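Number of protein chains: 4
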Amino acid sequence: MGRNDFSEPFLLINFKTYLEATGKRAVELSRRIEQVGESFNVRVGVAPQFCDIASVASHVQIPVFAQHVDPIVPGAHTGQIIAESVRAAGGSGTLINHSERPLLLVDIEKSVECARAAGLSTVVCAATISAAAAVALTGPDMVAIEPPELIGSGRAVSKERPEVVSDSVRKIRSVNPDVKILCGAGITTGEDVYAALKLGAQGVLVASGVVKAQKPEDVLLDFCKGIRKYHL
Amino acid sequence: MGRNDFSEPFLLINFKTYLEATGKRAVELSRRIEQVGESFNVRVGVAPQFCDIASVASHVQIPVFAQHVDPIVPGAHTGQIIAESVRAAGGSGTLINHSERPLLLVDIEKSVECARAAGLSTVVCAATISAAAAVALTGPDMVAIEPPELIGSGRAVSKERPEVVSDSVRKIRSVNPDVKILCGAGITTGEDVYAALKLGAQGVLVASGVVKAQKPEDVLLDFCKGIRKYHL
Amino acid sequence: MGRNDFSEPFLLINFKTYLEATGKRAVELSRRIEQVGESFNVRVGVAPQFCDIASVASHVQIPVFAQHVDPIVPGAHTGQIIAESVRAAGGSGTLINHSERPLLLVDIEKSVECARAAGLSTVVCAATISAAAAVALTGPDMVAIEPPELIGSGRAVSKERPEVVSDSVRKIRSVNPDVKILCGAGITTGEDVYAALKLGAQGVLVASGVVKAQKPEDVLLDFCKGIRKYHL
Amino acid sequence: MGRNDFSEPFLLINFKTYLEATGKRAVELSRRIEQVGESFNVRVGVAPQFCDIASVASHVQIPVFAQHVDPIVPGAHTGQIIAESVRAAGGSGTLINHSERPLLLVDIEKSVECARAAGLSTVVCAATISAAAAVALTGPDMVAIEPPELIGSGRAVSKERPEVVSDSVRKIRSVNPDVKILCGAGITTGEDVYAALKLGAQGVLVASGVVKAQKPEDVLLDFCKGIRKYHL
Numbered sequence: 098m099g100r101n102d103f104s105e106p107f108l109l110i111n112f113k114t115y116l117e118a119t120g121k122r123a124v125e126l127s128r129r130i131e132q133v134g135e136s137f138n139v140r141v142g143v144a145p146q147f148c149d150i151a152s153v154a155s156h157v158q159i160p161v162f163a164q165h166v167d168p169i170v171p172g173a174h175t176g177q178i179i180a181e182s183v184r185a186a187g188g189s190g191t192l193i194n195h196s197e198r199p200l201l202l203v204d205i206e207k208s209v210e211c212a213r214a215a216g217l218s219t220v221v222c223a224a225t226i227s228a229a230a231a232v233a234l235t236g237p238d239m240v241a242i243e244p245p246e247l248i249g250s251g252r253a254v255s256k257e258r259p260e261v262v263s264d265s266v267r268k269i270r271s272v273n274p275d276v277k278i279l280c281g282a283g284i285t286t287g288e289d290v291y292a293a294l295k296l297g298a299q300g301v302l303v304a305s306g307v308v309k310a311q312k313p314e315d316v317l318l319d320f321c322k323g324i325r326k327y328h329l
Numbered sequence: 098m099g100r101n102d103f104s105e106p107f108l109l110i111n112f113k114t115y116l117e118a119t120g121k122r123a124v125e126l127s128r129r130i131e132q133v134g135e136s137f138n139v140r141v142g143v144a145p146q147f148c149d150i151a152s153v154a155s156h157v158q159i160p161v162f163a164q165h166v167d168p169i170v171p172g173a174h175t176g177q178i179i180a181e182s183v184r185a186a187g188g189s190g191t192l193i194n195h196s197e198r199p200l201l202l203v204d205i206e207k208s209v210e211c212a213r214a215a216g217l218s219t220v221v222c223a224a225t226i227s228a229a230a231a232v233a234l235t236g237p238d239m240v241a242i243e244p245p246e247l248i249g250s251g252r253a254v255s256k257e258r259p260e261v262v263s264d265s266v267r268k269i270r271s272v273n274p275d276v277k278i279l280c281g282a283g284i285t286t287g288e289d290v291y292a293a294l295k296l297g298a299q300g301v302l303v304a305s306g307v308v309k310a311q312k313p314e315d316v317l318l319d320f321c322k323g324i325r326k327y328h329l
Numbered sequence: 098m099g100r101n102d103f104s105e106p107f108l109l110i111n112f113k114t115y116l117e118a119t120g121k122r123a124v125e126l127s128r129r130i131e132q133v134g135e136s137f138n139v140r141v142g143v144a145p146q147f148c149d150i151a152s153v154a155s156h157v158q159i160p161v162f163a164q165h166v167d168p169i170v171p172g173a174h175t176g177q178i179i180a181e182s183v184r185a186a187g188g189s190g191t192l193i194n195h196s197e198r199p200l201l202l203v204d205i206e207k208s209v210e211c212a213r214a215a216g217l218s219t220v221v222c223a224a225t226i227s228a229a230a231a232v233a234l235t236g237p238d239m240v241a242i243e244p245p246e247l248i249g250s251g252r253a254v255s256k257e258r259p260e261v262v263s264d265s266v267r268k269i270r271s272v273n274p275d276v277k278i279l280c281g282a283g284i285t286t287g288e289d290v291y292a293a294l295k296l297g298a299q300g301v302l303v304a305s306g307v308v309k310a311q312k313p314e315d316v317l318l319d320f321c322k323g324i325r326k327y328h329l
Numbered sequence: 098m099g100r101n102d103f104s105e106p107f108l109l110i111n112f113k114t115y116l117e118a119t120g121k122r123a124v125e126l127s128r129r130i131e132q133v134g135e136s137f138n139v140r141v142g143v144a145p146q147f148c149d150i151a152s153v154a155s156h157v158q159i160p161v162f163a164q165h166v167d168p169i170v171p172g173a174h175t176g177q178i179i180a181e182s183v184r185a186a187g188g189s190g191t192l193i194n195h196s197e198r199p200l201l202l203v204d205i206e207k208s209v210e211c212a213r214a215a216g217l218s219t220v221v222c223a224a225t226i227s228a229a230a231a232v233a234l235t236g237p238d239m240v241a242i243e244p245p246e247l248i249g250s251g252r253a254v255s256k257e258r259p260e261v262v263s264d265s266v267r268k269i270r271s272v273n274p275d276v277k278i279l280c281g282a283g284i285t286t287g288e289d290v291y292a293a294l295k296l297g298a299q300g301v302l303v304a305s306g307v308v309k310a311q312k313p314e315d316v317l318l319d320f321c322k323g324i325r326k327y328h329l
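Chains as they are written, first to last, in my numbering: chain A, 98 to 329; chain B, 98 to 329; chain C, 98 to 329; chain D, 98 to 329.
I should point out that these hints are in silico values taken from the structure, not numbers from a laboratory. Because the structure is a prediction, the values reported are computed rather than measured. Some clues are possibly wrong.
Cross-link-like lysine to any residue pairs, in silico, SDA-like; alpha carbons within 20 Å at most [unchecked claim]:
| # | chain 1 | residue 1 | chain 2 | residue 2 |
| --- | --- | --- | --- | --- |
| 1 | A | K312 | B | P274 |
| 2 | D | K256 | D | E210 |
| 3 | A | K268 | D | K295 |
| 4 | D | K268 | A | P274 |
Computed footprint of chain C on chain B, listed as stretches where at least three residues anywhere in the stretch have a Cβ under 8 Å from a Cβ of chain C [as the list claims (entries may be wrong)]:
| # | segment |
| --- | --- |
| 5 | 106 to 113 |
| 6 | 299 to 312 |
Pairwise CB distance ranges, derived in the manner of DEER restraints [claimed, not checked]:
| # | chain 1 | residue 1 | chain 2 | residue 2 | range |
| --- | --- | --- | --- | --- | --- |
| 7 | A | L116 | C | S136 | 55 to 65 Å |
| 8 | C | Q132 | B | R270 | 48 to 58 Å |
| 9 | B | E105 | D | K309 | 36 to 46 Å |
| 10 | C | S271 | B | E260 | 38 to 48 Å |
| 11 | C | R325 | A | R198 | 44 to 54 Å |
| 12 | C | R252 | B | E260 | 43 to 53 Å |
| 13 | A | D315 | C | R252 | 20 to 30 Å |
A virtual CB, placed ideally from N, CA and C, is assigned to each residue, including glycine.
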């Protein structure tokens, strides 16, 4: 997933702890997401809850991400998430430092290391431009810039605050030329995705815009059209 | 699981994040635990990692517990554990406030409520005698008293510090006559289990004593003998 | 400060981190609070910010409380609050587990111990009825029941939710007959204080109702009238 | 405090929560530190506990730092530290993100902003090389690199792991040419200080090496000799 993978933008759908995406509904939603991705030849991934990773991973071929891993190695820990467990369940990556699960700076670096050691791809989230550059220094596979105030707002970061995306891209690139950059928060339409790609992002991280939609596949289909438009 | 269930002590095995109990090994270990429990007609349960709950629950009939649930209802949370997700994966209960995953006092009560609302049994852990009574006030199904300094020590709380168990039992009973009381920390032999039951516990919570044993089924078998001795 | 100190209800004013009660204004406000207390022969105390404890304590004779102490003994800790430091600055007590500075259950007990060892009185706060009883088990000098949803609301817990106060009093008394009980949240008038005392509280914990008032001494004066009415 | 202030290395003494540096002893120690600094014309500063800031600041002319500030503005917070309060007490700066008081990445940036808005200088600590660069991106006045495993060890980072200091200096400079760089952990002799300056640091952050010394002024005197040697 190098910097120049403009041929394959990445749509990552965070299922959060929405009931609409819990248990069997996580599997069903993942299937539909996979189908739209296949139809449009767009790379998609899902981030279901921990308890759903195994069942989702056994039903789809697309990348399945955890929403978090703890900065720990296997051992005497209770109620925490080791990357090895995510991997064993069929997960292929993980979000780290989502604004709804923020980490100590010192733990971001450790979580990236633990995830990588277990063979997981890493998407480290950041709430601000300088935080985006800061997390890029920890060497993840992807950085996701998400201004918290726009998360779930329906107002897309790529249209409401385009300078946040473009400045993040510039600042991230100055410290890490290779990391893939996603943007998120408020993305609900193909135009929002198109705008994100135009600003230099290589993909989007989206949650409620898809999961809470009446017809998630219609939203995804629109996203794929945004990607197509960008490649024309 | 009323107070007088002395006919059926409960052995709850916490898998923690041990590699020996991750992924397929969680399923395999759970099967062996189930078999010993059946042979001795002793009630056993397992608490695997979140990612393993679904696969364990689909392979055994014994109760499967989560190691933690967050004090939240479904919605826009990332990387957290809703009780509904544990339930949907086949879980029937959860640990809360384990000393390796301690909670704010205010969140213990909320977690118990969230777990109950989702149909999960609750085992709330406490590190001290007065904490044990305090958590008993939140109305869980079970309280587990575990002095952290003995966890993983191989020195059983029921033999090293019997007064902690008996005082906890007395203090818990003074505020909650119905809650089932487990004790844990350092339990490795049938004699430790026997001592715990003699002191008024209705079961034990055990982790490394079983999971890290060379032959976990032999340890469990010894535990079951301790229970039998108690009922003679 | 025994249970039956109805002859001397306690008014404790939490300065929070309000600018109106920071630095010199903390000293000035404390002086005015002391004067009203003296005029009415009502026992009052203040809880300024850490940086202001020394200067406040050197200017007034009334009890000066910290707003929090950490559950640690002196040593290699940075940026934390040891009870010894509060004491050395002239503090005579501390709040613990305020809903704006909640603690792990295990740390509440430790903080009470650390505070007592350093010679500080302890007021442990609780957000719910069962939490109030739970913290009473840790043996503090006072318990303060404060439903967080009413804090700063101007709607007094003693009038909006009198059953919370009376049920807390009953439940606390069942586990600890000696602890002094304060109630707080939304208290702004003498009638609110009167209602609190009628419900079985031995004092009130108040913040914005006094600190953010245009004339704090007028509010306090009204509080003192509420106390007088109660003693008629 | 620009990059090239090699003419004035900065010695910052963190008092932690050592009893040896609590209350009156904080004032006394600060005086002695000030005297040695004056004798050698070396710039020194102290970071006492919050409760001691006011009394220390009223007795010495050297910079007095807080050990932490919270990422909040004044208002309804209890038991937290606003920068305004530190400033009002006479503080002129603050540590942020010490490894004994680590912050969420998102809060480091906010704390720096809050401190600056209140007129405080900022020393943001980092435990690793990439964390040092990451915090430099938040624009503090100084970055302090301190490998936690050497803190309090008596083995100086500048001699045990010189590459950590030099690599940090290089990486910090690549993202922020102006920030002043301190190093810390295990510093106990003038040679340690000399080594730190040779590696590109503009000062040291030290705690137990001075505070727990039998004669703190002798240690400081040795430090000052190390600085002199560097300037020969």
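55 to 65 Å as the expected CB spacing between S136(C) and L116(A), which holds or is violated: holds (58 Å)
Satisfaction of the hinted span 44 to 54 Å by the C-beta atoms belonging to R325(C) and R198(A): holds (52 Å)
Hinted pair K256(D) and E210(D), Cα distance within 20 Å: With Cα atoms ~34 Å apart, K256(D) and E210(D) exceed 20 Å; violated.
Annotated coverage of the segment 106 to 113 of chain B by chain C, confirmed only when three residues or more have a Cβ within 8 Å: violated (count 0)
Pairwise hint evaluation, P274(A) against K268(D), where the allowed Cα distance is 20 Å at most: Since the Cα atoms of K268(D) and P274(A) sit roughly 15 Å apart, the hinted pair holds (cutoff 20 Å).
Range hint 20 to 30 Å (beta carbons of D315(A) and R252(C)) holds or violated: violated (45 Å)
20 Å Cα cutoff - pair K268(A), K295(D): Given that 20 Å is the threshold and the Cα spacing comes to 31 Å, the pair is violated.
R252(C) paired with E260(B), Cβ distance criterion 43 to 53 Å: The hint (43 to 53 Å, Cβ to Cβ) holds, given that R252(C) and E260(B) are roughly 47 Å apart.
Outcome of range test on Cβ distance (E105(B), K309(D); 36 to 46 Å): violated (56 Å)
Agreement of K312(A) and P274(B) with the hint, judged by alpha carbon distance not exceeding 20 Å: violated (51 Å)
48 to 58 Å as the expected CB spacing between R270(B) and Q132(C), which holds or is violated: holds (50 Å)
Range hint compliance [Cβ, S271(C) to E260(B), 38 to 48 Å]: violated (24 Å)
Consistency note: the structure conflicts with the earlier hints numbered 1, 2, 3, 5, 6, 9, 10, 13.
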